[in-house]
Amino acid sequence: MATDPTISLKIRTALGEYLKRDPATILFTQHLRDDLGLDSMAVIELLYRIEEAFDLQIPDQDLVGLTSVGHVVRYVEKRLGKTASPAPAKKPAKQSKPKGNRKS
Amino acid sequence: MRARVVVTGLGVVSPIGIGVSEFWKAALSGQSGISAITSFDPFSTDGYRSKVAGQVRDFAVERFLDSAHGERVDRYAQFALVAAKEALADSGLQMAKEDPHRVGVIVGAGMGGMVMGEREITQLYQQQKPHRVHPNFIPVITLNSASGIIAMAYGAKGPNLTISTACSSSAHALGQALHCIREGRADVVITVGADASITPLVFAGFCSLRALSSKFNDHPEKASRPFDRLRDGFVMGEGSGTLILESAAHAKKRKARVYAEVAGYAATSEAYHMVIPREDGLEVAHTMRLALADAGVTPAQVDYINAHATSTTIGDAVEVRAIRQLFKSRADKIAISATKSLIGHTLGAAGAIGGIAAVLALHMGQIHPTANYDDPDPTCALAGLSRSAQERRVKVALLNAFGFGSNNAAVVFKQSTV
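Going down the list, the protein sequences come from chains C and F. Numbering follows the working numbering, with no gaps: position 68 of the first sequence is 68. Numbering follows the working numbering, with no gaps: position 35 of the second sequence is 35.
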């Protein structure tokens, strides 16, 4: 799928900074948890950075679909295109739980 | 029989040095760690009555830690991690050989993660964008972030506690660690004091309380002067001290080097006033008496007191009044020093860093000077105070720590015979 190279680069750069690795090694198909090792808190921190980078607010109900690099990129593209629809959740079984799993 | 408890490792992050050897060398030479505040940058100190503090210079956590544990915690917890790392290495304890459930962590912290706390609060109030509050804000400002991260760094799965009793926090941490090991609930407790809150809001709060020195802004190294006639308030400091407390049997089994025994502890409340001590000193004297009784030593056996001595007009006088009440003629024969004269008042770290000074006095036979004790105030003069380092055999040392909220702590250390 064609993606906006600027958005993709920004997201992979944010991920690279967070993970301390070369953004070029971060692939679209990589799963945030299973491939990149982000736990649920780390995903939330990443999305916080992305919200800042793109001046977005990601509502809680959208988090559930953001499980791979590609999902995040496509989601941001859609949001910037003012479509505001949730990202596709192709692998619901692998979704990390963004809320409700921490001790309070 | 209750377990005896010893100190087997030390670590420190302070305004006069990071690392025990650097700290102790500077302390013995009477070096001041107090300077003009730079940590507010780019915020100006122009509107502040006091403009000096004991800051830890050039601290970058990644220089001291191999792991990423320091990255998502506030400055005070970074200090705690660094001091804990040094103390554990110093103790020779190898976690791989320990039962992790028998190793605890007890941290004393007064203010906690105020660096991030202030930044996030300011940003929220200015920008009114609640979604821009950092996701780590809550975990970072939660007061047990230091005890939590230390446990994670070393796999210490025993009791994990944070004691917050303002300026006496880490003296209480030492006492609670003593109890924990005595009662057989742990073999080892990584015992820490840490605070780092020389921040625009906290500092302004202490200024508004009229608690800080303001007469020596042009001569920062002179500002912290416990027991001196010209003292005019405390000087804020920051840092961390860590002591590895261990049951004597456990230390003996692994042939650990023992610095001293932690022999007694007392905790009391004056139930009097949030920030003012009882002027008659009765409760302070009572606290010291209880701690000595717990240690099984008499006032006549005490050789050294690491005084709480913050350099406030009332506080120093009350402490000396209490020392005279309890020790009577012995009071002028005891060596006394005020660690805060060198590094300022490190709040939640003060008990642990003072404890390290007391342990080193026992271990090395050296007592660090009380800086700026130039003109003894007759209301709180004691013969054992000195601007110079003292060489003296110390068999029993007492650590005092008093905190806002009307609470008092005293800890007794002894030369180890185990």
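What the hints contain is simulated information worked out from the structure, not anything from laboratory work. All of these numbers come straight from a predicted model, not from anything done at the bench. Idealized CB from N, CA, C, for every residue including glycine. One or more of the hints may lead you astray.
[What the hints assert, rightly or not] So the derived list for chain C, only partly shown, Cβ under 10 Å to chain F, looks like this: (1) Ile44; (2) Glu51; (3) Glu52; (4) Phe54; (5) Val64.
Hint check: 10 Å Cβ-Cβ cutoff, Ile44 (chain C) to chain F: For Ile44 (chain C), the interface hint holds, since the closest Cβ of chain F sits about 5 Å away, which is under 10 Å.
How about Phe54 (chain C): closest beta carbon in chain F under 10 Å, or not? Because about 13 Å separates Phe54 (chain C) from the closest Cβ in chain F, which is outside the 10 Å limit, the hint is violated.
Tell me if the interface restraint on Glu51 (chain C) is satisfied: Cβ within less than 10 Å of some Cβ in chain F. holds (7 Å)
Checking hints one by one. Is Val64 (chain C) an interface residue toward chain F, by the C-beta closer than 10 Å rule? For Val64 (chain C), the interface hint is violated, since the closest Cβ of chain F sits about 17 Å away, which is over 10 Å.
Let me know if the C-beta of Glu52 (chain C) comes in closer than 10 Å to any C-beta of chain F, holds or violated. holds (7 Å)
Violated hints, listed in ascending order, are 4, 5; each of the other numbered hints is respected by the structure.
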